[in-house]
Amino acid sequence: MSIRLSKIYTRSGDKGMTRLVGGDQQRKDSLLVESYGEVDELNSHVGLLRALARQHAELSEASEPIFQTIQNDLFDIGALLATMPDNKDLAARLDAFKKPLEDGSDQRINTLEQQIDAWNEHLPELNSFVLPGGGVVNAQANVARTVCRRLERLLVQRQDTYPVAPVILAYINRLSDFFFVYGRWASAQLGEAELLWDMNR
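Residue numbering for the sequence shown follows the numbering used here, beginning at 1 and increasing consecutively.
Treat the hints as calculated values from the structure; they're not laboratory data. There could be a bad hint or two in this list.
As the list claims (entries may be wrong) - Quick list of the computed label-pair ranges, beta carbon to beta carbon: (1) GLU64 <-> GLU121: 19 to 27 Å; (2) ALA170 <-> ALA92: 41 to 49 Å; (3) LEU190 <-> ASP89: 40 to 48 Å; (4) THR146 <-> GLU64: 20 to 28 Å; (5) SER105 <-> PRO65: 38 to 46 Å; (6) ALA118 <-> ALA92: 31 to 39 Å; (7) GLU41 <-> GLU125: 16 to 24 Å; (8) GLU125 <-> GLU58: 17 to 25 Å.
Small disclaimer: the values here were computed from a predicted structure and weren't measured. The beta carbon of each residue, even a glycine, is placed where N, CA and C say it ideally should be.
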């Protein structure tokens with residue numbers, strides 16, 4: 001599929017309306033538009049995290065391929081969320097996004113879980129909550145994690161008006177866990193001490 005963006009501004013959104021995939025118009029403050037806007041914001045934070053990780057040889061080899069996949073997945077999700085539920089092409093596009101395995105699970109989610117488990121296996125057990133900021137990469141991973149959680153809350157809210165495919169909700173939920181573990185793993189790889197919540201301070 002090729003996409004050509006020859007003109008950046010169109011002036012068509014100057015009055016607070018935008019066109020969705022398929023041509024339907026929506027107000028820019030609608031839950032539907034806000035949800036894929038949150039995906040766009042999350043993808044920008046992932047891009048910054050990816051760029052920061054790329055500066056460290058200890059991180060880039062392991063994380064670069066999966067960040068590439070995540071950013072593409074988020075673009076796919078944004079496009080699906082930017083489509084009206086009654087659009088005749090949505091079901092086929094959603095089927096194309098899903099990657100079911102024989103046990104009924106989804107390949108994208110399985111990939112995230114496998115990476116979470118692989119990194120988490122080598123991390124010390126937690127006896128307290130982690131404070132964001134053990135290092136720059138750790139801090140940005142936690143920004144991505146919290147934006148991910150905000151997106152998840154918004155998608156649950158959106159469901160009252162516009163259905164959200166279960167695979168999308170599950171993917172976003174697992175992605176926030178991924179960023180939490182990635183932040184811890186990155187700190188460990190870089191020799192940075194974790195900051196823990198001191199409840200008795």
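Hint-by-hint comparison with the structure:
no. : hint                         : verdict
1   : GLU64 <-> GLU121: 19 to 27 Å : holds (21 Å)
2   : ALA170 <-> ALA92: 41 to 49 Å : violated (20 Å)
3   : LEU190 <-> ASP89: 40 to 48 Å : holds (45 Å)
4   : THR146 <-> GLU64: 20 to 28 Å : holds (23 Å)
5   : SER105 <-> PRO65: 38 to 46 Å : violated (21 Å)
6   : ALA118 <-> ALA92: 31 to 39 Å : holds (34 Å)
7   : GLU41 <-> GLU125: 16 to 24 Å : violated (33 Å)
8   : GLU125 <-> GLU58: 17 to 25 Å : holds (22 Å)
The structure is inconsistent with the numbered hints 2, 5 and 7, although it conforms to all the rest.
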